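Undergrad: If you want the building blocks of each chain, they are given just below.
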Amino acid sequence: MGTIGATLLRAGRRFVSSLPALFGVLVFTFLLMRVLPGDPAVFFASGPNAGKEEIEVIRRQLGLDKPLPNQLAIYLYDVGRGNLGRSMMTGQAVAKDLKERLPASLELTLTALLIALVSAVPLGVLAALRPGSLVDHGVRLFCSLGVCVPTFVSGLLLIYVFYYLLGFAPDPTGRIDIFATLPPSRTGFLIIDFLLAGDLDGWWAAARQLMLPALTMALFVIAPLARITRASMLVSLGSDFVRTARSVGLSWWRIVVTYALRNAILPVITVAGIVFSTMLGANVLVEKVFSWPGVASYALDALLVSDYAPVQGFVLLMATIFVIVNLLVDVLYGIADPRATVA
Amino acid sequence: QSRAETLRYVTGATVNTLDPNIPGSTREAFALSMSSYDRLVSFGRKQLNGKWVFDLDTITGELAESYSVSADGLKITFKLRPDAKFQDGSPVTAEDVKWSLDRCVTAPILGKAQLLTGSLTSADQFKVIDPVTIEVTLPKPDKLALPNLATVYPIIINSKLAKAHATAEDPWALNWTKENAAGSGAYIVETFKPGEQVIAKRNEAWNRGTPDKPAAFKRLIIQSVPEPATRANLVERGDADLVIDLQASDVQSLEGKGKLKVISTPQYNAVTFISMNNTIPPFDNVNVRRAIAFALPYDDMFKAALFGRGAPLYGATWADGKPPSGGYPIPQPIKLDLEKAKAYLKEAGMPDGFSTTFSFNVGQAATAEPMAALVKEQLGKIGIKVDIQKLPDAQMSTAINEKKLPFFIEGIVAWLPSTDYFYRNFYTGKQRWNYSSTDNAELEKIAQEARFEADKAKYEEQGKALNAIHFDQMFQIPIWQAAQDAVMQPTVDGYVYQFTRQVDYRNLSRK
Amino acid sequence: MLEVENLKVTFSTRRGLVEAVRGVSLSLQPGEMLGLVGESGSGKSVTGFAITHLLDRAGHITEGLIRFKGQDITRAGGADLRSLHGAAMAMIFQNPRAALNPIRTVGQQIADAILAHRRLSRAEAQAEALSLLKAVQIRDPERRMGAYPHELSGGMCQRVMIAVAISCNPSLLIADEPTTGLDVTTQKVVMDLLARIAADRGMATILITHDLGLAARYCARVVVMEQGRLVEEAEPLTLFHRPQHPYTRRLVAASPTATSRIEDLVPDGERIPLVAVTELPPPHGTPLLLDVKAVSKRFDDGTVGVADFSMTMRGGESVGLVGESGSGKSTTSRMICRLIDASAGEILFDGQSIGQIPARDFHRSELRRDIQIVFQDPNDSLNPRYTAFDCIAHPLLRLMNMRSGDKLRQRVEECADRVGLPRELLSRFPHQLSGGQKARVGIARAIACKPRLLVLDEPTAALDVSVQAVVLQLLNKLRREDNLAFLFVSHDLNVVRMMCDRTIVLRTGVIVEQGESRALFANPQTDYTRELVDAVPHIAPAPA
Amino acid sequence: MSTIETSSTLRHTAFVLRGNPVTAIAAAGALLLALLAISAPWLTPYDPIASEVSAALQPPSAAHWFGTDQLGRDVLSRLIVASRLDLTIAVTAVAVSFALGSVVGALCGYAGGRLDKAVGRFVDVLMAFPLFVLAMAMVAALGNRVENIVIATAIINLPFYIRFARAEVNIRRNLGWVEAARACGESHVAVVLRFLLPNVLPAMAVQMSLNLGWAILNAAGLSFIGLGVKPPTPEWGIMVAEGARFISTGRWWLVAFPGLALMSAVLCFNLLGDGLRDILDPRMRT
Ligand SMILES: Nc1ncnc2c1ncn2[C@@H]1O[C@H](COP(=O)(O)OP(=O)(O)OP(=O)(O)O)[C@@H](O)[C@H]1O
Ligand SMILES: Nc1ncnc2c1ncn2[C@@H]1O[C@H](COP(=O)(O)OP(=O)(O)OP(=O)(O)O)[C@@H](O)[C@H]1O
Ligand SMILES: [Mg+2]
Ligand SMILES: [Mg+2]
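Protein chains in written order, with this note's numbering: chain V, 1 to 343; chain U, 1 to 511; chain B, 1 to 544; chain X, 1 to 286.
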């Protein structure tokens with residue numbers, strides 16, 4: 001109980017200490033967007049015959065007619081009230097857009113991470129058990145191959161092979177077959193919602209849809225995860241306490257899993273946290289290729305047309321998730337390693 | 001509904017609003033609004049080179065059962081269909097029409113600038129005569145007035161519904177119509193997810209199609225698929241029914257396979273330019289512009305960028321050097337002729353060339369990038385050093401609006417393509433669409449005169465004069481009208497090339 | 001019970017095969033405690049691991065025979081091995097904290113070991129574990145069951161380790177340096193416990209250690225190893241008083257005892273002749289070389305490292321600083337050496353206040369070259385990217401403004417000669433040098449620019465006794481030749497007694513006692529000092 | 001460096017490579033790549049930017065080994081020339097972020113205190129950014145010139161180097177030899193830059209070689225969304241991105257060859273990492 005309390009306390013403290021970073025991100029994005037040479041008012045006032053007047057109207061609508069410090073103050077005030085502004089591109093409130101799209105991104109990223117972890121950890125362990133052997137080199141090569149293909153290429157290739165040539169995969173157009181009926185939205189995660197609704201066919205359809213994009217992303221992150229698993233597994237296999245475990249005759253499985261792996265898992269958690277955060281932001285390309293209605297592709301489109309509010313909202317969201325993931329990693333750390341609570 | 005009764009249309013763009021008037025509306029939003037809203041009138045269709053295209057000259061009633069133009073051309077009277085109903089079942093009245101048109105010319109929305117070109121500027125011009133009759137008054141006869149009412153913007157909105165959602169700051173309920181359709185159109189929007197998809201079902205009560213019956217497809221799915229190669233795969237595998245924005249190379253290969261129906265129509269109302277800003281040196285020198293016009297690798301560009309899909313606007317021969325027609329655009333007597341180009345450069349006092357930047361839009365990269373590479377290579381041969389700039393869309397439009405780009409690729413499109421309309425809107429004034437920043441008094445004068453010219457022959461002469469000035473001054477270089485390649489399942493029928501350069505879903509049916 | 005015959009172990013390494021054990025034969029009776037001593041690298045641990053089959057993957061038994069209770073287990077594997085491990089023979093390792101799984105509770109780990117060999121329920125195993133904890137005399141065993149290793153002190157960890165090892169009643173226990181890393185006081189307690197448990201349960205024990213004193217105190221029989229070979233086997237008294245083998249002789253001589261002098265540590269042949277012996281204390285009235293007035297150090301995190309520490313030193317004087325781990329010895333020496341700033345107090349060197357110059361700027365001070373330091377661990381006191389030559393030349397370049405060239409080379413070689421470092425080693429990198437060689441480089445570096453005060457922070461703690469002996473002797477010689485003043489930090493009281501005129505005893509940053517070394521150790525005034533002195537294991541005095 | 005040392009370095013390198021075939025292959029690949037980049041202008045069979053539209057989109061043949069692209073340019077020639085730009089981008093981006101990140105990180109790790117906290121905050125802000133989006137925004141803001149792509153890539157790599165250097169220096173700052181350097185009269189700054197940094201370099205080499213690959217991928221990603229280097233400059237990422245769109249029309253050579261080039265480069269760098277550490281670390285030497 002004491003340790004849980006301490007962990008929570010630490011997490012809380014860490015959260016508070018990351019607030020300035022969030023604020024920094026907020027301001028920095030705001031400024032960065034204004035530095036972009038594109039003027040959203042001009043872009044969006046691009047109907048035929050749009051003239052100065054239309055541009056002015058939009059500018060006023062976006063609040064761009066005010067001096068920069070005022071804009072910033074208004075923006076901060078709005079954000080404080082949970083209003084992230086409106087997207088010119090979709091015409092919706094950014095908060096609403098993000099809320100609708102975040103589950104898609106999260107579902108994809110989490111699945112990818114899961115696939116990556118499930119394959120990377122055993123591979124890493126395998127490599128660590130026989131360092132320098134053929135297995136080790138093989139694992140290294142396999143993982144490195146995954147990380148050296150740009151995701152958009154592997155994505156397009158997977159589509160070409162599994163959808164176009166073989167027809168195994170459903171059409172790569174988003175989260176669910178367009179003709180399927182959606183389950184009542186409870187979590188926003190389709191594969192969970194379908195399960196809750198007891199619709200197994202729907203679940204299977206959603207899972208199939210998820211497979212290729214998740215695989216594309218997973219391929220890209222197996223390498224760092226396997227690498228860190230191998231490295232920390234090597235350390236913990238070589239450590240004194242594993243030798244102790246051997247000296248008292250524990251079974252092989254127990255030594256590898258309970259003793260070595262559980263100790264080796266800490267850095268893996270850290271890296272998984274980092275990987276998760278970067279994936280969430282960097283899966284723009286995968287989302288584009290698979291027409292996945294996620295937040296990253298949303299932000300990319302907005303960025304290209306200098307639609308400020310969505311980009312700002314997206315970055316803030318990502319930063320918040322980053323902070324939350326860090327907290328989570330901390331808490332996991334606390335659970336996985338009793339020593340962490342002392343530090 | 002069965003799959004056969006559904007039309008699945010995939011596109012790289014997205015529908016971002018249900019009200020086409022909202023600033024920032026996309027072309028896809030326009031297309032959807034054609035089906036979700038009705039207008040008073042609509043364009044007819046005609047066959048051109050064996051393909052159906054919209055016909056500017058036939059204007060038929062849509063919500064109007066009939067219309068009449070007074071002899072002096074100052075009054076247009078519309079009789080509404082008595083049986084027309086909004087999608088919520090309430091009847092369409094003249095009040096609704098007046099409110100909608102008032103809104104179009106007063107609210108700060110896109111329709112305002114458009115209707116202006118048809119002399120429709122004020123709410124006073126619209127008068128309710130009785131519940132099914134409305135009268136439009138014009139300050140002077142304007143042949144674009146009626147066509148303007150067939151364009152995308154003057155949608156007829158269910159005014160009672162809209163007013164219920166109006167607020168003091170937003171008297172025209174713009175915020176509400178953005179996300180809610182309150183029209184009488186052929187399709188009722190069911191799901192609207194900007195950036196993902198729109199799903200609409202057929203409005204069974206709608207009967208304003210050509211043979212007075214509802215649209216053919218029971219359901220309509222408009223889906224955003226950003227990756228063009230994926231769109232091609234979808235339609236090839238039969239998962240999508242229709243797509244119009246494929247890459248030229250994919251269209252070529254799909255056409256070659258012969259499994260699908262491919263209808264390619266040059267975009268008659270659109271022109272792609274290599275533009276030069278006539279106020280930025282050295283492009284302020286007419287001879288430089290001429291030199292460029294004769295130094296561009298037209299054929300190569302056409303082949304490499306468009307795979308030969310479209311209508312070239314170069315390589316014509318004008319007998320006795322005069323424009324053969326008063327239409328716009330017409331093919332120009334320009335071609336790759338480096339000797340000539342060098343001569344012009346010399347005349348311009350720059351025999352050794354100069355350096356400049358050449359810009360294009362990231363969104364257009366698929367065609368613009370090979371073009372730019374070719375332009376750079378060719379111009380290099382006459383000493384013009386070109387630095388290629390690839391700009392994100394918003395930056396490009398901002399830079400163009402601020403007249404900062406000397407040399408770039410751009411395109412124009414006119415919904416009401418008449419010669420004077422093109423010249424007035426794209427060659428005059430300090431505004432964004434005057435890409436070349438042309439300021440030519442003679443051109444402006446003739447164009448303004450032509451606007452209200454009723455005599456066809458005279459109009460033709462004016463058009464020729466404008467074309468002659470254009471060629472002489474070479475403000476910018478029209479290069480082609482790219483093709484609109486509609487690729488569809490062989491079963492899909494009724495595709496018509498529309499002024500919006502989008503699909504009008506109401507035209508389509510399945511054999 | 002255990003018989004080992006002509007055991008040979010090789011390791012395949014990147015540099016080819018390394019023969020670590022080259023023919024060891026020994027035997028052990030039930031209930032006997034055998035000492036296995038020798039210097040670092042002599043193959044003690046490898047012998048232990050080979051017997052228990054815990055060698056690294058790279059290691060192989062190439063020859064020999066291991067018989068355990070009459071059974072040949074040389075090539076045992078799989079299930080045999082597992083039942084052998086723990087149930088028949090167990091091992092206790094050097095660093096107890098590292099040898100325990102940091103993320104499992106003490107109770108779980110003991111229970112794991114029990115469950116590996118006996119069919120019990122978890123609860124029964126836990127109960128058994130608790131009784132084991134009681135057996136190793138841990139205070140408050142119920143509470144400790146749920147504790148993690150990091151929550152325990154080093155001594156407690158070692159007790160837990162013992163509990164794990166004896167959990168299945170093995171008949172053979174191999175304790176590989178069970179007390180290195182522990183305080184002298186804790187060492188005694190743990191060893192006593194181990195001896196008692198072994199006796200109670202009739203376990204045969206092999207005690208691996210490099211501390212002859214320890215072996216002498218607890219073992220009935222001691223074998224000495226050198227470079228993978230057994231060189232001598234005897235009872236401790238015989239061994240220490242009449243060593244047969246030259247290696248044993250050297251080893252015995254090098255181990256400091258309560259009465260030994262520096263000169264005794266090294267066999268006659270290797271003794272360095274003292275040039276000028278100025279045993280006399282400097283005359284009264286000479287100005288103080290170092291005057292430390294009430295300095296204290298409080299770290300950023302609030303820990304008080306040293307509080308109100310005062311001392312004085314004269315030129316050529318040698319002062320020892322002793323105390324248990326964490327008592328502030330290093331902190332004090334680093335403050336005096338001007339590597340960190342004191343939070344309060346004043347330091348005068350040669351009459352000048354050097355405490356006022358911030359440590360950040362002290363490198364520019366004239367006095368920098370007068371105060372030099374030699375560090376505890378020779379392994380990390382040399383820049384891995386510098387050759388020995390570079391290391392020694394470094395202060396010359398920086399503090400004496402010498403340029404690279406013949407003169408520098410000459411000076412470096414001279415220093416190397418003075419510390420007895422062969423010149424051909426100068427081009428080597430630290431990892432290519434032995435511990436003793438590295439220590440010499442460190443000393444050469446410190447004396448290169450002829451300082452007046454040398455601070456030595458446990459300069460021999462990581463060295464073997466024989467190397468330590470040589471280094472101590474060397475230091476002593478240098479001190480006398482150059483009339484250097486030493487501030488000598490160590491936890492080995494015997495060494496301090498030999499090296500220092502005066503000794504200061506520190507405890508949690510506070511001076512407990514100080515005085516003339518010999519007197520202080522002969523007759524400690526405080527309990528703390530007495531405990532320190534008593535805990536040092538000695539080879540029993542020779543029978544008269 | 002004396003000749004003794006260089007020869008021992010070489011011997012050591014050879015030793016490491018022999019013991020680790022994967023690294024050896026990767027090293028050979030990287031070397032080949034570097035040679036290719038250096039001698040690119042003399043190797044290309046055709047002018048990489050000269051178009052020949054009549055010969056566009058030809059499959060591999062004896063004349064054009066890797067086929068031709070949309071403008072009839074020789075894919076092989078473009079590939080070879082692109083190696084130059086790609087390696088330049090990768091190497092400069094990594095060099096910039098390494099130079100800046102390691103120095104700042106090392107100083108922070110050594111000094112601790114307020115500087116450390118301030119920089120830590122800055123790094124937090126950077127880390128909290130979705131990095132690829134940051135790169136996109138920066139390229140969009142600054143214009144898609146090669147320098148800007150390099151800067152953007154460098155900035156998004158920066159936090160890793162700062163953190164890494166900070167951590168590595170932090171654990172070493174109290175080691176004997178560091179204090180010894182101080183006692184030998186070195187200032188704090190000199191200790192950090194001349195003593196600590198070179199010692200953390202081997203560990204960072206792994207990160208660097210990974211980042212080299214990553215930088216190339218990053219540039220490719222930017223190209224894919226249209227923010228890559230400007231045409232007609234040949235660059236692998238652009239070639240792959242353009243070629244990827246031709247997959248469905250069966251013009252596989254447009255994506256396959258640039259894709260393979262890019263892949264093998266990234267693969268080499270990735271696999272090189274571990275070996276590089278062994279080579280650079282003097283402690284691994286005999
Ligand atoms: N895993 C290994 N690989 C290669 N050589 C090894 C390995 N383990 C030990 N050795 C070598 O075996 C020899 C004996 O080592 P061992 O650990 O037994 O020494 P030790 O007597 O226990 O010394 P210490 O007192 O330092 O513990 C040493 O020279 C060492 O280098
Ligand atoms: N940088 C630091 N920050 C905070 N506390 C420190 C720091 N350095 C030392 N301490 C604390 O100051 C106290 C004295 O430490 P010091 O290193 O001087 O002990 P020591 O006597 O040299 O011990 P040992 O024999 O283990 O070397 C310890 O409690 C230690 O934890
Ligand atoms: Mg040992
Ligand atoms: Mg210390």
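FYI, nobody ran anything at the bench for these hints, they're computed from the structure. Please read these numbers as outputs of a predicted model, since none were measured by experiment. We treat Cβ as the ideally placed atom computed from N, Cα and C, and that holds for glycine. Some clues are possibly wrong.
What the hints assert, rightly or not - Straight-line alpha carbon distances no greater than 27 Å define the calculated DSSO-like cross-link-like pairs of lysine-lysine that follow:
1) V/Lys52 - U/Lys201
2) U/Lys193 - V/Lys99
3) U/Lys445 - V/Lys52
4) V/Lys96 - U/Lys445
As the list claims (entries may be wrong) - Per label pair, the in silico range of CB-to-CB distance:
5) V/Gly138 - B/Gln410: 53 to 61 Å
6) U/His165 - V/Pro184: 51 to 59 Å
7) U/Glu190 - V/Ala207: 23 to 31 Å
Undergrad: Hint by hint, say whether it matches the structure.
TA: Each hint, compared with the structure:
| no. | hint | in the structure |
| --- | --- | --- |
| 1 | V/Lys52 - U/Lys201 | violated (39 Å) |
| 2 | U/Lys193 - V/Lys99 | holds (12 Å) |
| 3 | U/Lys445 - V/Lys52 | holds (23 Å) |
| 4 | V/Lys96 - U/Lys445 | violated (51 Å) |
| 5 | V/Gly138 - B/Gln410: 53 to 61 Å | holds (56 Å) |
| 6 | U/His165 - V/Pro184: 51 to 59 Å | violated (27 Å) |
| 7 | U/Glu190 - V/Ala207: 23 to 31 Å | holds (26 Å) |
Of the hints listed earlier, those the structure fails to meet are numbers 1, 4, 6, in rising order.
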